[in-house]
Every structure is written in C-alpha cells, then in structure tokens.
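Read top to bottom, the protein sequences are chains A and B. Positions 1 to 370 (the numbering used here) are the ones given, in order, by the first sequence. Positions 1001 to 1122 (the numbering used here) are the ones given, in order, by the second sequence.
Derived from the structure by calculation, the hints contain no laboratory data. Glycine included, each C-beta is placed from N, C-alpha and C at the ideal position. One or more hints might be untrue.
Stated by the list, open to error - Short derived list, chain B residues pointing at chain A, Cβ under 7 angstroms:
#1 T1005
#2 M1008
#3 S1010
#4 T1030
#5 L1041
#6 T1043
#7 L1059
#8 M1060
#9 K1110
#10 P1113
#11 N1114
#12 L1116
#13 E1119
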Amino acid sequence: MNSVLGTCEHPYLQLSLKHSPFFRRTRLSLPPTFNNNRRRTQVKMASITTTTVEMGANNELLKKGIAELYDESSGIWEDIWGDHMHHGFYDPDGNANISDHRSAQIRMIEEALNVANVANSEDSSKIPKNIVDVGCGIGGSSRYLARKFGASCQGITLSPIQAQRAQALANAQGLGDKVLFQVADALQQPFPNGHFDLVWSMESGEHMPDKRKFVSELVRVAAPGATIIIVTWCHRDLSPSEESLQPEEKELLRKICDSYYLPDWCSTADYVELLKSFSLQDIKSADWSKYVAPFWPAVIRSALTWKGITSLLRAVPQRPPEWWTCLCKVVRNGCLGWKTIKGALAMPMMIEGYKKDLIKFAIITCRRPE
Amino acid sequence: MRLLTHNMLSSNIKGVTNGFPLGIIIDKSTQIEVEINTDFLKTMFSKIDWKALVDAATLMGYSDLPEEVDESMLESEELLNKFHHALLELHLEEGALICPETGRRFPVSKGIPNMLLHEDEI
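Chain B extracted, bound-state conformation:
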C-alpha cells in the first residue's frame, strides 16, 4: 500500500466523526522505485492532505518532507522528488491501518488494505 492510498482512506465505522487520517502499524515495509511523473504529482497535490502525508511518511521512516508546502514550491525539483518518494515509493506490505477514534485495526496484507466493516460497525 502506497501512501497515496493511505491519504484517501478513512474509517467509516458507525458513530465515528472523523475517521481520517488512519494510524499505521508497520509489520513489513519496503521501498520500490518508480519513475517520477511531475505532471501527475502536480495534479495530485491539490487532492493530498499534506500533513497526513508527512506524518505517515515519518511513521514509515522518511522524515525529509517539509511540514508545510504551498503550490509555488512545487517547481522545486528537490521537493518534487521528496514528494514522489513519500507518496509513491514507500510501501506498507504487512501491517494495519488504525481508526483514529475507535482504534479498530484494518489489516494490510500483501500490500492490500482490507477496509471491510463488520456487521456491528455499519
């Protein structure tokens, strides 16, 4: 699971007011290089919750992202590379995503998050 995915997943358990961002438990993580696409990054920037990305990347062991960014800073190649690395190259292979209000664990297995709710959570 890439952090691009983490940045848009939320817990929709019944009664939860704000299920985003999900906490992360890391049992196994990897880094996989992928070619950078700056147009894609610039398009995605407006959709990304930057703080959630920074926090998630830090949990995954990458702390090089600046705390705050505005769109004008995206012209910096260095920043784009860091953004690219955090968003797309850090992988959670095994672990869990945690509902911020209930602590419920959503398992991540072989890189695939399982966000299915139990019957009593609907």
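For reference, chain A alone in the conformation it holds in the complex:
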C-alpha cells in the first residue's frame, strides 16, 4: 500500500468540478502563467509529516469541500447530462454520439452487475432486496437498481443538495417509498451491521481519504452472501520491484489532486489486497479505461454548447465571498466561469495520466462469505 501514501495533500479548501465537462486540452487559451509554471512543490508524505490531528482536520476540510463541490455542481451536471453522475461504458472502437451517452451510463451499471454476477443469477433468492448506494450523487444508480430489482435502496452522500434532489426525483418517479436518501459519511455509514445484500459504490471511492476505512464500512454493512461492487479511479499497479510510483507520476497525481477534490490515490491491486484482508470471496477486478475513453471528449463537446456555458455561468457559490463577486463580474462576459478555468487547467493532466497508463478506471467486485 506504499502508493496510497503521499500522492496528494489537501490542507486547504479548493472548489473545483471533479469531472467538469468544460475542458478543451488544445484549444483553450490557457493563462501563460500556468503554462509556464514549472514550480515544483514538495510532496508531503501524510504518514510521515502530518499528525493525527492534522489528518483529522484535513479530512474535515476534504469532506466539507466535497459537499460544497457537489452542492454547487450537481445541478449543472443534471441539466446537461441527466441523473447519472458517472461515466458511460462504450465499445472501445466506436464513435460515441451525444445521444448514446444516457444508454452508455445505463450500460455501465449493467456491465458492473455482470462482472459481479448479480444480474445473471437465475435463483430469485439471490436477487438483491436491500441495496446501499455509497456516494449516491443525485440517485441515478439508486433509482435504477431499485426499479430493476424491485428492491429498497438507501443512498448516502455528503451533499445535502444532492440528497434533496435525489429524493425529489425518487418521489417524482413513484419510487419515494423504496429509494431513500440521507446525508452521511461513507467512512461512518449510519447503518447496522450486515443490513444490505448489495453494496454499491459507483465512482465515489476516489473521494475517500482512508481506503481501508472505506472498504471496512462497505464490508460491515454487507450481509452474509452480499455482493460488493466498487467502480472507481485508481493509479496503475506497481510492479514487484517498485516501492512507489515514479517521482514524475506522483507529481502529476499531486497536481491533479490539487485541482479536484481527490485525496490519496491507490491502485486496483491495493483494493484487491484490502478485500482479501477482510476475507472476502470471489474477488474480481478489471481495467475499464478503454471503455470510458469516449466519455470525456463527448462531455467536452456537450459542455461547449450555449446551454453548457450558460449553465456554468449560473453556478455561483451559495455564499459568494466578495472576491468571487468581483471575479464573476470580470469573467461573466467571457466563455468560462472560475471553477471551469480551474477544472480546465487540470483536464490536460487527467488526459496525460490516461495516456501514460498512470490513471485507470477500475472495477473491483467481491462477495461476503455466507
């Protein structure tokens, strides 16, 4: 787990869109100061230089930042992309049209269920009846899974805005009695032990500052025989001779973490080791990076529409500080908002991470023993 430590640090609040669609790698006119910024910032190893109190304070800031990020950005995302806040699953060689993305997002859910053999069981007693959606966004997965299996689903998110919106959508779709949302921390889930027969985490693991605690909570709330499905961002597995990522790889991830609300990255192999340490069975993992590649360019294209741009301009913090108000006046006549600029600056680095096989889109599934 050496790679888990020291890839990122979040000592202060930074509001950025995690998967902000508004990036163009080559065509944006990026500020010359950023392009020329070669200043190297020392990477601090959280386990060595940061005290327990500092880590606690950092995690509190991280949670607050994540909540505020999604409080402010979920509406934009839903307005343009709908209620699934995750990547689509595509054929690697296909060309993704804008109209394909909703079905690709659904396909992502179905493909994940297939890996874990949840949807393939012919035994009706194996169909999940109690589901938890950890990091539920505005509840796209929750409602889909509840509808598919006729199950009850609890969704948890750090964002009160997301929870309210998720519940409103569930109520409007006649699922308000089955699909229920609360504001809660995935690292301290407010549920009893062994309550759920499907534990679902779709693109939320990358926000978890303590991967071991995250996994331990997924396991704790899983009933005997339950399936756990994690779809998340990881960095590449280390080779047997490596103690950690290469310095330039760590630097790239650090810069990415500085722009998004992401704590330390780990590898897919790290997740597999964690699951093994909890004696879970049928552990499977796969690299789905090539299946999500068409998503980002499509998101960019969709964002650079009039609807996309105007949606961004409406996304101001709920309690804007004075400097923000001034900045808004300055950029309002431009094509991008402040968060967009910050996200845009990070997007080339994400693409670079993918091209260098550093960043992976991973699925890891397992089953809790009966």
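Since the structure of chain A is already known, use the hints to place chain B on it.
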C-alpha cells in the same frame, strides 16, 4: 424521512454501544399516501425491527400497530395496511433524530436526515 429509513439508521458515535433506535423530535410531520405493495412489505418485514417501528409510529401520532407480530399475521390485509401506513406514509419533514446514549441530535431537514459525525465523534 419515512420510518423505513428511521428503522435502519443508528448512531455510530465513538463509544456508543448501541445507537439504535434513534429518538425522534418532531417539528413538522406530514402524511403522504403511497400505493401499497404487499410483496415489498412482506420482503421488508424480516428486515424491520418491529418494536422500533411501533414506538416510532406512536411518536408520530399513529398508535394502531399491534405490539407484536409474526410472519403468519402478514396475510391479514388490515395488518398490511397498517404496516404500510406506518412504514411508508408517515413523514418527518423537520426535526431531529436522537442518539439513545449521548442525546446528540442528528437534524432532519426537508425530510433528509443528516447523519454526519463531528470530528470528535469519530
């Protein structure tokens, strides 16, 4: 927040031995009718803490649930209707859920419980 949710939420504050069931403070509650689904109710029955449901429903002003129920009684349409009403039609819109050991209030706002722990509670 429906009582289906209340029936599975617990306080995980550090040092708390048994954080279930949570107490309820009602600032605003409503009742919203929803179509009954008997298969769903029968499936959920095994997951429900019946006493906690009865007590919570009583706090919400509904006292018609029998104190004790076994699975065979679920064939009764009358019981299913009462179970359905208590579990799914009583809503806490504004108020709080109370840790049974520490008295800590978890706010419920616009029907959404906030179960986030403070840093010193982890």
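Each hint tested on the structure:
Among the interface hints, the one on B:T1005 holds; its C-beta lies about 5 angstroms from the nearest C-beta in chain A, closer than the 7 angstroms criterion. With a least beta-carbon distance of about 6 angstroms to chain A, the hint placing B:M1008 at the interface is held under the 7 angstroms criterion. A distance limit of 7 angstroms between C-beta atoms decides the matter here; for B:S1010 the minimum to chain A is near 6 angstroms, and the interface restraint holds. With a least beta-carbon distance of about 12 angstroms to chain A, the hint placing B:T1030 at the interface is violated under the 7 angstroms criterion.
Checking B:L1041 against chain A: minimum C-beta separation of about 10 angstroms lies over 7 angstroms; hint violated. About 5 angstroms separates the beta-carbon of B:T1043 from the nearest beta-carbon of chain A, less than 7 angstroms, and the hint is met. The beta carbon of B:L1059 is not positioned within 7 angstroms of any beta carbon in chain A (closest approach about 19 angstroms), and the interface hint is therefore violated. Among the interface hints, the one on B:M1060 is violated; its C-beta lies about 16 angstroms from the nearest C-beta in chain A, farther than the 7 angstroms criterion.
Checking B:K1110 against chain A by beta carbon gives a least distance of about 6 angstroms; that is within 7 angstroms, so the hint holds. Of the supplied interface hints, the one on B:P1113 holds, with its beta-carbon coming within about 5 angstroms of a beta-carbon of chain A, less than 7 angstroms. For B:N1114, the interface hint holds, since its Cβ comes within 7 angstroms of a Cβ in chain A; the closest pair sits about 4 angstroms apart. Checking B:L1116 against chain A: minimum C-beta separation of about 5 angstroms stays under 7 angstroms; hint holds.
The closest approach between the C-beta of B:E1119 and any C-beta of chain A is roughly 5 angstroms, which is under the 7 angstroms cut-off, so the hint is satisfied.
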